[in-house]
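Novice: This is what each chain is made of:
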Amino acid sequence: MIWQVEFTILIIVIILAVGALSVKDLLGAAILFGAYSFMMCLLWAIMGAVDVAFTEASVGAGVSTVLFVAAVFRTSRRTEN
Amino acid sequence: MRAIGLILVVILGSVLVYGSLEFPPWGDPMSPACCHVSPYYIEKALEDTAVPNLVTAVLADYRGYDTMFETIVIFTAGIACIFLLRNFQKKTPQSRLYRHIPTGITLRIEKMGKFPETSAVFERIDSVWVPHDVIVKTTCRLIVPFIQIFALYVIAHGHHSPGGGFQGGVILGAAMIIFSIAFNLRSGIQRMQERSTVMLSVLGVFIYAATGAVCMILGSNYLDYSALAHILGVDPAMARSHGILIVEIGVGIAVMAVMVTLYYNLASAGRYDEGL
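Residue numbers (the numbering used here), protein chains in the order written: chain A, 954 to 1034; chain B, 41 to 316.
Simulated from the structure, these hints should not be mistaken for laboratory data. The structure presented is a predicted model; accordingly, all values stated were derived computationally and were not measured. For glycine and all other residues, C-beta sits at the position ideal for the given N, C-alpha and C. There could be a bad hint or two in this list.
[Said to hold, decoys possible] Looking from chain B toward chain A, a few residues come up when the C-beta cut is under 7 angstroms (computed):
(1) P202
(2) Q207
(3) V210
(4) A214
(5) I217
(6) M299
(7) L302
(8) L306
(9) A307
(10) A309
(11) L316
Work the whole structure out from these sequences, hints included.
Specialist: Here is the structure:
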């Protein structure tokens, strides 16, 4: 496998993970987490685990992002503390 | 507190990295994981189960218990979500918004006013987030059948290509969720009611467990599909292939229903009234 591609994806995964943890906006964090899942899906595909990549793409990047957004939609903008 | 947390994370992370240095290299044929049962699966799976995709053969046949209890875990997640979020209190909202479809005018009807019944002229819209988007609705209407066909293909073709019950079920549920997002939660619930989502998730788990029980009744081990050979009229290897298909259909139904349940409960905070 082309190691440059793999290396780039790994760097992007780390950046997205740190971003999803540190960003203030919850909706932004949900979207970043979806992007993180998608990059992980590419990594699985590179490593030859196509079934896992498929699951990650459908569950991680697809449905769980929607569920996060649905949950964020039910939160209010400001909290007490 | 933050400093202690940071120090802990750094220490534990370095321990993790130190531990993973001892791992065998990626794809090493001599690693312990590749020495024990993997050669048997790789050499005998096609012969035993007539399934070309090794992953499916291992997942649904050799490790059938694992997959069954994974399905039960997902089912339990759906039930837990209902227990935590479902709110049966009937609370009439203070005011409702209706759209007069021919003119596009939005009406706000206060609590004392008379809510129009469902008709072709008035359409109830959510009070929080009110898009009126013909493009989104039409695109969704066009694309949902294709997503559903693809999901069925993923479930049915899991023997030969990546895919199977879990992925197909999730895609099938996602089609329903896309429909609910593009229209609104109420029209989604009209298509697939709460009762039917719960019943379907039970049905999926039941199909899986009952297949195992039938194998047991026919005199072999639980989830040993080769016992189905007499019923299906095929040789034992092919019977295991068919058994995998039956089980995958059960998993697909359960996962689809649980995904839709989760979405309904999360999007409407358990009220099944207004949502994303």
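Novice: Now look at each hint and say whether the structure bears it out.
Specialist: Quick rundown of the hints versus the structure:
no., hint, in the structure
1, P202, "holds, 4 angstroms"
2, Q207, "holds, 5 angstroms"
3, V210, "holds, 4 angstroms"
4, A214, "holds, 5 angstroms"
5, I217, "holds, 6 angstroms"
6, M299, "holds, 6 angstroms"
7, L302, "holds, 6 angstroms"
8, L306, "holds, 4 angstroms"
9, A307, "holds, 4 angstroms"
10, A309, "holds, 5 angstroms"
11, L316, "holds, 5 angstroms"
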